[in-house]
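A.B. asks: Residue strings, one per chain:
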Amino acid sequence: MRLLLEISLYFSQFCVVLAMLFCMLRLLKGPTAQDRVLALDTIWMCAMLFALLLGISFASLVYFEWAMLIALTGFVSSVALAKFLMRGEIIE
Amino acid sequence: MMQIPADIPAWLAIAVALLLICGSLITLVGTLGLLRLPHFYQRIHGPAITITFGAGCFLLASMLYFTALQERPVIHELLITAFIMLTAPVTAMLLMRTAVYRDLRNGRRIADMATDPQPAAGHGATAGATSPGLMEESRDRNP
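Chains A and B are the protein sequences, given in the same order. Sequential numbering of the first sequence, starting at 1, is according to my numbering. Sequential numbering of the second sequence, starting at 1, is according to my numbering.
No lab work stands behind these hints, which were simulated from the structure alone. Glycine is no exception: its CB is placed at the ideal position from the N, C-alpha and C atoms. Possibly wrong hints are sitting among the right ones.
[Said to hold, decoys possible] According to the in silico footprint, chain A covers these stretches of chain B (three or more CB under 8 Å from chain A):
hint : region
1    : 79-85
2    : 94-104
[To be verified] Using C-beta positions, here's what the derived DEER-type ranges look like:
hint : chain 1 : residue 1 : chain 2 : residue 2 : range
3    : A       : L25       : B       : I14       : 11 to 21 Å
4    : A       : L28       : B       : L79       : 32 to 42 Å
5    : B       : P38       : A       : G88       : 23 to 33 Å
6    : A       : K29       : B       : P73       : 40 to 50 Å
7    : B       : R97       : A       : F11       : 32 to 42 Å
8    : B       : T52       : A       : L4        : 24 to 34 Å
9    : B       : L12       : A       : L28       : 34 to 44 Å
10   : A       : R2        : B       : T67       : 11 to 21 Å
Turn these sequences into a full structure, and let the hints guide you.
C.D. replies: Next up, the structure:
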């Protein structure tokens, strides 16, 4: 049973890293600026998922704080970038 | 290496593994949509799946695993769930409004973009020179 959990953890880590790679391709290629912002937002989300996976695999609750911080920072950065793209300034 | 207890019960391992595999496949499908769909207005729907179902499965797995491992209710993950449920629509709406505003400012009609994604696709040899990506980039620089 331990082996099953280990294999599934490795598999999901691989999948999340592959998802980050897809987002990175869109970030490099994306025709418009809003595509890049969307890809960056999704990369933040995948990083949060990866922190949760690390927390499960090392059986430690410290990684939970990482995930919370990554979610917070990702939200703030995405909102700031979207505001900047819309108006040209962040705080009006 | 991974620190998983050797005497982990079977039901817990199977449930957590199922949730993890489900969540990771959904995450992969969402980002594949972000990579492959032709327009921004379609692309924004891909990460929504990642954020709701993928993150939900992972958070549920984490909650179940730590609750069973520490033999007490561990519901810290509900914080992240509530935070994501609050912030994901805000981000999506802001990005969508940004895209609509920029497209209108650059003189493109949304209905045109929805019907014909690649106007130069049928011309074969000269398609590379007039790819829509290059045109959009050059138009974005001159608002």
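A.B. asks: Which numbered hints turn out to be false for this structure?
C.D. replies: Of the numbered hints, just 3 does not hold.
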